[in-house]
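Novice: From first to last, the protein sequence lines stand for chains Z and D. My numbering puts the first residue of the first sequence at -17, with every later residue one more than the last. My numbering puts the first residue of the second sequence at -17, with every later residue one more than the last.
If you are wondering where the hints come from, they were derived from the structure by calculation, not from laboratory data. Where hints are given, some of them may not hold.
No copy labels: a pair is met if it fits in one copy or bridges any two.
As the list claims (entries may be wrong) - The calculated DSSO-like cross-link candidates involving lysine-lysine, where the alpha carbons are at most 27 Å apart (straight line), are:
no.	residue 1	residue 2
1	Lys8	Lys(-14)
2	Lys59	Lys(-14)
3	Lys21	Lys(-14)
4	Lys55	Lys21
5	Lys59	Lys8
6	Lys21	Lys59
On a predicted model such as this, the values are computed, not experimentally measured, just so you know.
Each chain, written out:
Number of protein chains: 2
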Amino acid sequence: MEEKLSHTPEGEYCPIRATLSILGQKWVPHIVYELGGGKRRFNELAIRIGGCNARTLRDRLEELEDVGIVRRKIVNKMPPWVEYDLTPRGRELYDAMRPIQHWGARYLSAASPA
Amino acid sequence: MEEKLSHTPEGEYCPIRATLSILGQKWVPHIVYELGGGKRRFNELAIRIGGCNARTLRDRLEELEDVGIVRRKIVNKMPPWVEYDLTPRGRELYDAMRPIQHWGARYLSAASPA
């Protein structure tokens, strides 16, 4: 995450800006939304999200791990089996995103909303 | 906005994904958040957001106009004076983002949250 996105123009760290900058990354809202449905294996998550390439998805998941929103669990080493899940605070973020989903269902349900 | 971000893997348009893809763009959550404080002139908005270059900000504002979240009002032609404001549905989106702000204030108030 870039510094400037989580700081005020005066250079002070701001938790709200930090949050907005996490969400304002391509695919991140989608990832939180999909994991809100329960834990997923990497490939499963990639398929459900659709269109996000594996490299980007892996990077995003790592960043979300770093900020404590996602956890990665190695279920089995060989053959490799890794699951991704929301942490408790990640689940709270998912819940906090619900009003936005409602907004979307209300205002963007036609493909051409304007 | 890219098609794939607003469609299910099966290719169906999904209003929730469409919403997530609007928010999942760099600076967009910041723009909605700042305009939640009231109408702003372009330069004023650029300064308050901080770090977003003018070209990107202009592009984002145009996209947000296209989806009916932001409105652009020409207050004066010469000297040019343009104001940006949230539309009523844009204001509802801002309100829908409040729980996310609370989440940030709760969990990211230390710069190193993990």
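Novice: At most 27 Å between CA atoms: does that hold for Lys59 and Lys(-14) within a copy, between copies, both, or neither?
Specialist: neither (39 Å within a copy, 33 Å between copies)
Novice: Could you place Lys55 and Lys21 in one of the four classes (within, between, both, neither) given a Cα distance threshold of 27 Å?
Specialist: within (10 Å within a copy, 46 Å between copies)
Novice: Is it within a copy, between copies, both, or neither that the alpha carbon of Lys59 lies no farther than 27 Å from that of Lys8?
Specialist: Neither: 30 Å inside a copy, 36 Å across copies.
Novice: Within a copy, between copies, both or neither: which one fits Lys8 and Lys(-14) at a CA-CA cutoff of 27 Å?
Specialist: both (17 Å within a copy, 12 Å between copies)
Novice: Within, between, both or neither: how does the pair Lys21, Lys59 come out at a Cα-Cα threshold of 27 Å?
Specialist: Close inside one copy (18 Å), not across copies (55 Å); limit 27 Å.
Novice: From the Cα coordinates, with 27 Å as the cut-off, is the pair Lys21 and Lys(-14) best called within, between, both, or neither?
Specialist: The answer is between: 23 Å across copies meets 27 Å, while 32 Å in one copy does not.
When each numbered hint is compared with the structure, violations occur for hints 2, 5.
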